[in-house]
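Heads up: the sequence lines are chains P and U, in that order. Heads up: the first sequence begins at 1 in the working numbering, then just goes up one per residue. Heads up: the second sequence begins at 1 in the working numbering, then just goes up one per residue.
The set of hints was computed from the structure by calculation and includes no laboratory data. Check each hint, because a few of them may be wrong.
Identical chains share a label here; the pair holds if one copy fits it or two copies do between them.
[Unchecked claim] Quick list of in silico lysine to aspartate or glutamate cross-link-like pairs, EDC-like style, CA-CA up to 16 Å: (1) Lys310 x Asp178; (2) Lys266 x Asp178; (3) Lys330 x Glu491; (4) Lys251 x Glu359; (5) Lys294 x Asp305; (6) Lys330 x Glu488; (7) Lys145 x Glu338; (8) Lys266 x Glu313; (9) Lys244 x Glu201; (10) Lys122 x Glu471; (11) Lys251 x Glu12; (12) Lys349 x Glu359; (13) Lys324 x Glu201; (14) Lys349 x Glu245; (15) Lys167 x Asp261; (16) Lys291 x Asp305; (17) Lys498 x Asp190; (18) Lys16 x Glu252; (19) Lys159 x Glu307; (20) Lys266 x Asp108.
There are 2 protein chains.
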Amino acid sequence: MPKQRVQSERGEERFKAIGPAEFFFRNIELTGFDNYTRAIFQTVKEMLDNSLDATETHGILPRITIVIERLNEAKASKEEEEKKEIKGSKDGIYRITVDDNGIGVPQDKIPYAFGRMLYSSKYVERQTRGTYGLGVKAAVLYAQKTTGEPATVISSPIKDKMTYRFKVSTNISTNEPDVKERGSWTKSGDWHGTRVSVIIEGNWRRARSKVVEYVRRTAIVAPYADITLITPDGTLIRYPRRTKEMPKPPKEVKPHPLGIDIETMKRIAQLTTAKTLLQMLTTEFQAVGAKTAKAILSMAGLEPDLEPKKLTEEQIKALVNAMKEYGTTKRYKAPSKEALSPIGEKLIKIGLKSMLNPEFVTAVSRRPSSYSGHPFVVEVGIAYGGEIPPSDAPVLLRYANKTPLLYNERNDVSWKVVSELNWKNYEVSFPAPLVVLVHVASTKVPFKDVSKDTIADVPEIEAEIRLALQEAARRLKRFIIKKRKEEELAEKVITFLKYVPEIA
Amino acid sequence: MPKQRVQSERGEERFKAIGPAEFFFRNIELTGFDNYTRAIFQTVKEMLDNSLDATETHGILPRITIVIERLNEAKASKEEEEKKEIKGSKDGIYRITVDDNGIGVPQDKIPYAFGRMLYSSKYVERQTRGTYGLGVKAAVLYAQKTTGEPATVISSPIKDKMTYRFKVSTNISTNEPDVKERGSWTKSGDWHGTRVSVIIEGNWRRARSKVVEYVRRTAIVAPYADITLITPDGTLIRYPRRTKEMPKPPKEVKPHPLGIDIETMKRIAQLTTAKTLLQMLTTEFQAVGAKTAKAILSMAGLEPDLEPKKLTEEQIKALVNAMKEYGTTKRYKAPSKEALSPIGEKLIKIGLKSMLNPEFVTAVSRRPSSYSGHPFVVEVGIAYGGEIPPSDAPVLLRYANKTPLLYNERNDVSWKVVSELNWKNYEVSFPAPLVVLVHVASTKVPFKDVSKDTIADVPEIEAEIRLALQEAARRLKRFIIKKRKEEELAEKVITFLKYVPEIA
Ligand SMILES: Nc1ncnc2c1ncn2[C@@H]1O[C@H](COP(=O)(O)OP(=O)(O)O)[C@@H](O)[C@H]1O
Ligand SMILES: Nc1ncnc2c1ncn2[C@@H]1O[C@H](COP(=O)(O)OP(=O)(O)O)[C@@H](O)[C@H]1O
Ligand SMILES: [Mg+2]
Ligand SMILES: [Mg+2]
Ligand SMILES: [Mg+2]
Numbered sequence: 001m002p003k004q005r006v007q008s009e010r011g012e013e014r015f016k017a018i019g020p021a022e023f024f025f026r027n028i029e030l031t032g033f034d035n036y037t038r039a040i041f042q043t044v045k046e047m048l049d050n051s052l053d054a055t056e057t058h059g060i061l062p063r064i065t066i067v068i069e070r071l072n073e074a075k076a077s078k079e080e081e082e083k084k085e086i087k088g089s090k091d092g093i094y095r096i097t098v099d100d101n102g103i104g105v106p107q108d109k110i111p112y113a114f115g116r117m118l119y120s121s122k123y124v125e126r127q128t129r130g131t132y133g134l135g136v137k138a139a140v141l142y143a144q145k146t147t148g149e150p151a152t153v154i155s156s157p158i159k160d161k162m163t164y165r166f167k168v169s170t171n172i173s174t175n176e177p178d179v180k181e182r183g184s185w186t187k188s189g190d191w192h193g194t195r196v197s198v199i200i201e202g203n204w205r206r207a208r209s210k211v212v213e214y215v216r217r218t219a220i221v222a223p224y225a226d227i228t229l230i231t232p233d234g235t236l237i238r239y240p241r242r243t244k245e246m247p248k249p250p251k252e253v254k255p256h257p258l259g260i261d262i263e264t265m266k267r268i269a270q271l272t273t274a275k276t277l278l279q280m281l282t283t284e285f286q287a288v289g290a291k292t293a294k295a296i297l298s299m300a301g302l303e304p305d306l307e308p309k310k311l312t313e314e315q316i317k318a319l320v321n322a323m324k325e326y327g328t329t330k331r332y333k334a335p336s337k338e339a340l341s342p343i344g345e346k347l348i349k350i351g352l353k354s355m356l357n358p359e360f361v362t363a364v365s366r367r368p369s370s371y372s373g374h375p376f377v378v379e380v381g382i383a384y385g386g387e388i389p390p391s392d393a394p395v396l397l398r399y400a401n402k403t404p405l406l407y408n409e410r411n412d413v414s415w416k417v418v419s420e421l422n423w424k425n426y427e428v429s430f431p432a433p434l435v436v437l438v439h440v441a442s443t444k445v446p447f448k449d450v451s452k453d454t455i456a457d458v459p460e461i462e463a464e465i466r467l468a469l470q471e472a473a474r475r476l477k478r479f480i481i482k483k484r485k486e487e488e489l490a491e492k493v494i495t496f497l498k499y500v501p502e503i504a
Numbered sequence: 001m002p003k004q005r006v007q008s009e010r011g012e013e014r015f016k017a018i019g020p021a022e023f024f025f026r027n028i029e030l031t032g033f034d035n036y037t038r039a040i041f042q043t044v045k046e047m048l049d050n051s052l053d054a055t056e057t058h059g060i061l062p063r064i065t066i067v068i069e070r071l072n073e074a075k076a077s078k079e080e081e082e083k084k085e086i087k088g089s090k091d092g093i094y095r096i097t098v099d100d101n102g103i104g105v106p107q108d109k110i111p112y113a114f115g116r117m118l119y120s121s122k123y124v125e126r127q128t129r130g131t132y133g134l135g136v137k138a139a140v141l142y143a144q145k146t147t148g149e150p151a152t153v154i155s156s157p158i159k160d161k162m163t164y165r166f167k168v169s170t171n172i173s174t175n176e177p178d179v180k181e182r183g184s185w186t187k188s189g190d191w192h193g194t195r196v197s198v199i200i201e202g203n204w205r206r207a208r209s210k211v212v213e214y215v216r217r218t219a220i221v222a223p224y225a226d227i228t229l230i231t232p233d234g235t236l237i238r239y240p241r242r243t244k245e246m247p248k249p250p251k252e253v254k255p256h257p258l259g260i261d262i263e264t265m266k267r268i269a270q271l272t273t274a275k276t277l278l279q280m281l282t283t284e285f286q287a288v289g290a291k292t293a294k295a296i297l298s299m300a301g302l303e304p305d306l307e308p309k310k311l312t313e314e315q316i317k318a319l320v321n322a323m324k325e326y327g328t329t330k331r332y333k334a335p336s337k338e339a340l341s342p343i344g345e346k347l348i349k350i351g352l353k354s355m356l357n358p359e360f361v362t363a364v365s366r367r368p369s370s371y372s373g374h375p376f377v378v379e380v381g382i383a384y385g386g387e388i389p390p391s392d393a394p395v396l397l398r399y400a401n402k403t404p405l406l407y408n409e410r411n412d413v414s415w416k417v418v419s420e421l422n423w424k425n426y427e428v429s430f431p432a433p434l435v436v437l438v439h440v441a442s443t444k445v446p447f448k449d450v451s452k453d454t455i456a457d458v459p460e461i462e463a464e465i466r467l468a469l470q471e472a473a474r475r476l477k478r479f480i481i482k483k484r485k486e487e488e489l490a491e492k493v494i495t496f497l498k499y500v501p502e503i504a
């Protein structure tokens, strides 16, 4: 029977190439925009993350306002209406605007930064919240998909005398920005920063709690930021600045030999200004001095004075292999931590204390470590008691490069470590009023998904989380034991006082 | 203090655009290649999936051989070695080869199909295992990243007299294929098909169980396929064909009005050969006849004889809105199921029976349904008792377009439904010997990740899974009750027989 059909179908394949804009437009759910609820959440997240990068990373105390407005009610299709159990069909069209006091975007870069997939200022060895060059553009695509409205960007770059305004969307076929309107005017005050708006279909009713939680968790680890959220319900939520101290901004660094692959090496060999191989090794990499460089070259069987641009494919391969080989016999200096910007124990404690009002708080910021040549640092905070309500398991606050992770918790390496810890050993028995914060900062956080929901369980990272958590939990244990002793003592005193008359 | 640093850092951003090859090369973990273990698994998966598409989708009974060879032991770096607890560092370099009897790849398409991201023959409205145009290319990128070796492709297209051989990798900067070698010869027999090899670093020791399980689960739902796996340990695992019956191949269909967005409409208006808007609506869409088309056009306030290519942006928007609007008042015919190719109840039962040897087996194949204009169908199978070992929860076999899903189970919509079901109501109390198979087939499976691990909980899909599962569970319940009665009866008979002498 199948034989019949075969003849007409066989070998009649039509091949097609698509570009990145079309890929992400077709598969927008990969970027986190997988339903009307998540769409509002993801838009706020991507825009807020960008605003924090544009301020904090440049030493500016962030002042950010998020406004979500409902433009009109959306109608459900008959198909949607009939399925009454459908949670999260759209309940309106929303304009989402985020306004910051950041460094701004240069005029000529604005169309690309917001209208071209895979365009970014963050493709460098340095810790930032964005690493894909996709975040806000996914929101722009989603707007195109649902309402067809372009994004509006107003930006006043910090070193510029003008303010610029663009309406921009993306040409899906070519991945070129499609500028619908542009204008500019001379700055009046000394405002610098960026305001971005997109108009999308969404479901605010269901998104509300997630959005509020995202902003709150952001504020916990950024007590130096002033963040305001105005919702379509007309409520205003404000997290005022609680300290002027900020983490040290990250610096761009050179690649580490253990993070190098053949493709990267090819690129470096093409772009370097070094005239010899030896010079290239010592100037283009961290952790490689003249001695190390010579050892690597001799392992690779390459002359030190070869010209980098003339290396053959085989020579490049030999060089990369020797670099790795060297790592199996000697030890490189660990990847530089200059590129990292952890939150720090002090700020974690300020954040947890001011937001949760616990009885006890502690924070552990580990020393930088690395995986596959990428530096990373793990930080853990614990808050306990006070106004924290008891729960059956620790409440976990996950962060990657200072951004909260709210979705798909059970698939995250932090969840694994926190749920595997034997809390009894630390005198915690559930239900307990326990909040655990885990922060992983890296120049390359190994996310499992484009939507940046979960961190992969890279063994090195897992081990660091465990060590930090154990240390913080030991401190909690000491607190609990001390407190219990005090309570026992107090009880004894009371008992004693009760019996005093009898004794007397 | 921060003020100081500010001046040197502010506003000095370097912007950069990258292409899709560089994006996925940098972030290869997004495609599933996130560690040495998963890399072997993912390579086998992508190549096996392609081979099944190239056979079954075209009515050819699949005969596929997978060979995994260890080429040499890999050395761990000092850094890696020191961390003894590191699970899954590499244990070798592997050549993975998959050989099929499919339709082959046309000569001029081979370099692109294997060396260019986002190039595919599956970007059409039709159920296939590949939909991203990324699968085998991710393996090629991973090979470039870890061993620098190009892929080897030998293909003999079904309608061609020649066989072709290419060695190809990807130019990371340009996303153009980089052909290292090419050759061709006249076919001797009538072989048609494709053989693909890549050479990657991996960890076979840890990957083994996942690879074996993937092939086994593939064989469960493809009893018409003959699959052989040869491992580096020298073992040969063969799943011989158990039936010649195959599911009906899917057909390409036109888009449904509820699946249309502004960008797609723009494209259709540009590419259509229709001379008028009315003609365009009736010829380019499914479920739109002349009457419906006229109603839509009048809602949009557009003349039926407008020329499609001359539509303005505003007119396109009005048209798309009217199409959706029409869906809120009238009902479109449901999306065509021609594009789907479910497994079918019979094959699911054959598969479960032959692989698990259960005492009871049932399968429910629901009627096609749709979400956002995409048709889908849900199938559920249950196997119970017999050689199935008891476990504390149902063992879940998840499938999307006939491919097994093995990772991140708890994040999947099927897990949600299966774990929420009150099994007590169906006379199942755990531990129980229960296996549940859930298959979601669609022209557009809403995966949550590029690595295709989990299906998003789209409400329409969730509801269908629940209905199918309940039906299958009811059948199981009847079986269990009947069996219990028989056992009780048997016991009574035994008891009776025991007492016979006394009565007598
Ligand atoms: N609020 C902002 N202030 C300054 N620059 C911004 C802002 N939003 C976006 N950008 C610029 O646009 C680029 C692209 O943003 P995005 O698409 O979110 O990708 P990513 O953040 O991963 O780089 C950023 O790298 C940044 O340079
Ligand atoms: N074994 C094969 N037989 C025939 N065609 C193949 C085979 N492997 C790959 N192809 C072709 O190469 C294309 C790209 O494959 P891939 O990168 O896995 O993306 P996708 O499967 O998503 O299309 C496929 O669409 C198919 O046309
Ligand atoms: Mg961003
Ligand atoms: Mg995921
Ligand atoms: Mg594929």
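Hint check results:
{"no.": "1", "hint": "Lys310 x Asp178", "verdict": "neither (40 Å within a copy, 19 Å between copies)"}
{"no.": "2", "hint": "Lys266 x Asp178", "verdict": "between (34 Å within a copy, 14 Å between copies)"}
{"no.": "3", "hint": "Lys330 x Glu491", "verdict": "neither (61 Å within a copy, 74 Å between copies)"}
{"no.": "4", "hint": "Lys251 x Glu359", "verdict": "neither (36 Å within a copy, 64 Å between copies)"}
{"no.": "5", "hint": "Lys294 x Asp305", "verdict": "within (11 Å within a copy, 76 Å between copies)"}
{"no.": "6", "hint": "Lys330 x Glu488", "verdict": "neither (56 Å within a copy, 73 Å between copies)"}
{"no.": "7", "hint": "Lys145 x Glu338", "verdict": "neither (41 Å within a copy, 26 Å between copies)"}
{"no.": "8", "hint": "Lys266 x Glu313", "verdict": "within (8 Å within a copy, 45 Å between copies)"}
{"no.": "9", "hint": "Lys244 x Glu201", "verdict": "neither (37 Å within a copy, 48 Å between copies)"}
{"no.": "10", "hint": "Lys122 x Glu471", "verdict": "neither (33 Å within a copy, 52 Å between copies)"}
{"no.": "11", "hint": "Lys251 x Glu12", "verdict": "between (53 Å within a copy, 12 Å between copies)"}
{"no.": "12", "hint": "Lys349 x Glu359", "verdict": "within (12 Å within a copy, 59 Å between copies)"}
{"no.": "13", "hint": "Lys324 x Glu201", "verdict": "between (50 Å within a copy, 13 Å between copies)"}
{"no.": "14", "hint": "Lys349 x Glu245", "verdict": "within (13 Å within a copy, 65 Å between copies)"}
{"no.": "15", "hint": "Lys167 x Asp261", "verdict": "neither (40 Å within a copy, 20 Å between copies)"}
{"no.": "16", "hint": "Lys291 x Asp305", "verdict": "within (15 Å within a copy, 78 Å between copies)"}
{"no.": "17", "hint": "Lys498 x Asp190", "verdict": "neither (70 Å within a copy, 101 Å between copies)"}
{"no.": "18", "hint": "Lys16 x Glu252", "verdict": "between (39 Å within a copy, 15 Å between copies)"}
{"no.": "19", "hint": "Lys159 x Glu307", "verdict": "neither (40 Å within a copy, 49 Å between copies)"}
{"no.": "20", "hint": "Lys266 x Asp108", "verdict": "neither (30 Å within a copy, 28 Å between copies)"}
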